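Enquirer: Sequence:
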Amino acid sequence: MRHVWQQTRSFPPPARVLMVNQFAINLAFYMLMPYLAAHLAHGLGLAAWAVGLVLGVRNFSQQGMFLIGGTLADRLGYKAPIMAGCLLRTVGFGLLGWVDNLPALIAASAATGFAGALFNPAVRAYLAAEAGERRVDAFAVFNVHYQAGMLLGPLVGLALLAADFRLVCTTAAAVFAGLTLLQWRTLPARHTRGAGAAGSSVAAQWRTVVANRPFLLFATALIGSYVLTFQVYLALPLAATDALGSGGTAVTSGLFVVSAGVAVAGQLRLTGWAKRRWRPEQALVRGLLAMGLAFLPLVFAPRASSPAVLGSLVAAVVLLAAGSAVVYPFEMDTVVALSGDRLVATHYGLYNTVSGLGITLGNLVVGAMWDHALRHGALWLTWAALTATGTACAAAVAALARSGRLTARRPEAVAAWRGTP
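All letters in the sequence shown, in the order written, are residues 1 to 421 by full-length UniProt numbering.
What the hints contain is simulated information worked out from the structure, not anything from laboratory work.
Please note: incorrect hints may appear among the correct ones.
Claimed, not checked - Cut-off 25 Å, straight-line C-alpha distance, at most; resulting in silico cross-link-like pairs (SDA-like, lysine to any residue):
id: 1; residue 1: Lys79; residue 2: Ala163
id: 2; residue 1: Lys79; residue 2: Ala337
id: 3; residue 1: Lys79; residue 2: Thr180
id: 4; residue 1: Lys79; residue 2: Ala129
id: 5; residue 1: Lys79; residue 2: Arg2
id: 6; residue 1: Lys275; residue 2: Gly132
id: 7; residue 1: Lys79; residue 2: Arg9
id: 8; residue 1: Lys275; residue 2: Thr391
id: 9; residue 1: Lys275; residue 2: Thr8
id: 10; residue 1: Lys275; residue 2: Gln6
id: 11; residue 1: Lys79; residue 2: Ser201
id: 12; residue 1: Lys275; residue 2: Arg134
Since we're looking at a predicted model, the values are computed, not measured.
Please work from the sequences and hints to get the whole structure.
Expert: This is how it looks when you write it as structure tokens:
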């Protein structure tokens with residue numbers, strides 16, 4: 001952890017604030033969200049469809065609004081959406097602990113989701129701007145803080161839950177209130193290049209981003225990586241339950257810890273190792289290939305052998321987390337490079353929206369495939385398909401690199417809309 005702190009301190013103060021900010025965001029989010037469904041179902045007695053609706057509204061209001069959040073960040077500057085998102089989540093998390101009727105719960109859930117859509121693109125664009133030529137290193141350190149918050153959040157939430165769910169919500173809301181104040185006092189205002197100019201419009205801003213063909217191709221090529229990453233929440237828990245029965249829940253919790261632990265402990269080493277040996281596009285391709293190969297041990301694990309399945313699950317999580325750690329900083333850097341350093345937050349917003357839609361569709365396919373494979377006693381089909389997904393992503397990025405489409409664009413190449421200086 002000393003190395004992480006040293007690396008964090010090597011960046012400008014605003015970048016350090018953003019990194020600490022992300023740790024606290026994930027700490028507060030994950031101390032509450034893993035326990036929300038149980039509170040709604042058992043604490044408030046809501047029907048399963050109502051629980052699904054509340055959770056679905058949060059997901060939709062975040063994934064579906066990323067483009068709006070990115071657009072606002074490019075037009076208003078990065079600080080305002082970050083503060084507004086944290087303030088909105090303060091209200092949303094506070095309400096989740098103190099309201100008990102469905103309309104109020106839906107409103108609170110929508111507020112927490114839209115809050116994420118506001119600050120996520122702005123934080124990443126701000127960090128990229130502050131890091132300059134050290135973007136890859138900055139996003140590597142950023143991901144350590146991100147994963148550390150995800151790792152500690154459920155543990156803090158579990159401890160607070162022993163007292164009362166309202167205490168969990170109130171504490172999470174207080175964290176976001178503190179973040180709002182911290183950013184107001186310490187985060188300098190920063191504006192993007194190419195947005196909000198005289199004569200410009202939101203439609204023109206969106207047309208510029210949508211017309212960025214290399215960016216759209218890259219976003220499409222990376223969809224599969226997000227589907228693979230999400231299997232820590234879907235296919236791997238299903239496999240744990242299938243092989244271990246009621247013990248699968250404890251194993252699933254352990255898999256989360258292993259995944260976050262690999263990222264926290266290995267992110268900086270993996271990024272440094274990849275930078276020394278590979279070009280950015282090579283790191284992306286090989287990281288994506290590793291993410292796909294993570295599911296290969298499960299193809300050959302005998303379903304009747306619990307130890308074999310358990311060992312394969314751990315191996316899958318470790319390799320998936322390591323591959324993701326290699327990909328993430330180079331992926332975030334590539335988005336900025338393909339934007340030509342213009343409308344960066346809008347590019348991140350659209351990128352997150354595309355990824356979110358891909359996760360939704362991908363999970364529907366994986367779920368249907370799992371049901372089919374389970375009925376026919378051929379679970380290896382699901383794992384083989386996921387391995388093929390990672391291989392296809394790697395091949396798509398390699399093809400984009402060979403065609404020159406991953407080369408950084410000149411700023412004037414994307415300043416295609418009237419009023420852009």
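Enquirer: Confirm or reject each hint.
Expert: Hint check results:
no., hint, result
1, Lys79 - Ala163, "violated (35 Å)"
2, Lys79 - Ala337, "holds (22 Å)"
3, Lys79 - Thr180, "holds (10 Å)"
4, Lys79 - Ala129, "holds (13 Å)"
5, Lys79 - Arg2, "violated (29 Å)"
6, Lys275 - Gly132, "holds (16 Å)"
7, Lys79 - Arg9, "holds (21 Å)"
8, Lys275 - Thr391, "holds (22 Å)"
9, Lys275 - Thr8, "holds (18 Å)"
10, Lys275 - Gln6, "holds (19 Å)"
11, Lys79 - Ser201, "holds (21 Å)"
12, Lys275 - Arg134, "holds (12 Å)"
Going down the numbered hints, you'll see the structure goes against 1 and 5, while the others check out.
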